[in-house]
Amino acid sequence: MIARRVVELAEDKQAHEIVLLDIRLQSTIADYFVICSADNDRQIKAIVEHVDEKIQQEYGQNPRIEGAADTGWIVLDYGDVVVHVFNQLQRDYYRLERLWSLVPPVVVVQ
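Per the UniProt record's numbering, the sequence shown starts with residue 1, numbered consecutively.
Honestly, I wouldn't trust all of these hints.
To be verified - Calculated cross-link-like contacts (lysine to any residue; reagent style SDA-like; alpha-carbon spacing at most 25 angstroms):
no., residue 1, residue 2
1, 13, 102
2, 13, 40
3, 54, 4
4, 13, 39
5, 54, 98
6, 45, 25
7, 13, 93
8, 54, 71
9, 13, 62
10, 54, 102
11, 13, 106
12, 54, 70
13, 45, 94
14, 45, 26
15, 54, 93
16, 13, 95
17, 13, 66
18, 45, 102
19, 13, 53
20, 54, 8
21, 45, 8
22, 45, 56
23, 45, 80
24, 13, 49
25, 54, 109
26, 54, 106
27, 54, 40
I should point out that these hints are in silico values taken from the structure, not numbers from a laboratory.
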């Protein structure tokens, strides 16, 4: 499953507060959200590049990518799996987990 692999790949690059949400019953936009935090712009970029490269190699999928590391939030959209990589300031501001609070997390990695 791509979503669980994304969690592993984010861990490889020292992402923290990783959450995998199964949103299938709440939304039609995707099946899973992966949300994680990075300490700085360089780490955001490293996480995104690592996930993108490995998912492309292993599953042949290319995401639609929105955002930039210097904005503090990048989204990789694989269709059924949407990956959000935040800096802490943006994550605290947007609080996606609160928005999706009715959805129990599948995986949480501190």
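* Asked: Straight-line Cα separation of residue 45 and residue 26 no greater than 25 angstroms?
  -> Given pair residue 45, residue 26 is violated - Cα atoms ~30 angstroms apart, limit 25 angstroms.
* Asked: Do the alpha carbons of residue 13 and residue 40 lie within 25 angstroms of each other, as the hint requires?
  -> Holds, at about 12 angstroms.
* Between residue 54 and residue 71, does the CA-CA distance stay at or below 25 angstroms? -> Status holds; Cα separation ~24 angstroms.
* With a cut-off of 25 angstroms on the C-alpha distance, tell me whether residue 54 and residue 102 pass. => violated, 31 angstroms
* Given pair status - residue 95, residue 13, alpha carbons within 25 angstroms -> holds, 22 angstroms
* Please work out if residue 13 and residue 62 have their alpha carbons no farther apart than 25 angstroms. => Holds, at about 20 angstroms.
* Mind checking the alpha carbons of residue 54 and residue 106 for me, to see if they're no more than 25 angstroms apart? => Holds. Residue 54 to residue 106 sits at ~22 angstroms (cutoff 25 angstroms).
* Satisfaction of hint between residue 56 and residue 45, Cα-Cα up to 25 angstroms -> With a Cα-Cα distance of about 16 angstroms, the restraint between residue 45 and residue 56 holds, given a limit of 25 angstroms.
* Going straight from one Cα to the other, do residue 13 and residue 39 come out at no more than 25 angstroms? -> Judged against 25 angstroms, a Cα distance of about 11 angstroms means the pair holds.
* **Given hint residue 102 paired with residue 13 - CA-CA distance at most 25 angstroms** => With Cα atoms ~29 angstroms apart, residue 13 and residue 102 exceed 25 angstroms; violated.
* To do: Mind checking the alpha carbons of residue 45 and residue 102 for me, to see if they're no more than 25 angstroms apart?
  => violated, 30 angstroms
* Given the proposed pairing of residue 54 with residue 40, does the C-alpha separation stay at or below 25 angstroms? -> holds, 21 angstroms
Comparing the model with each numbered hint stated earlier shows that hints 1, 5, 6, 10, 14, 15, 18 do not hold.
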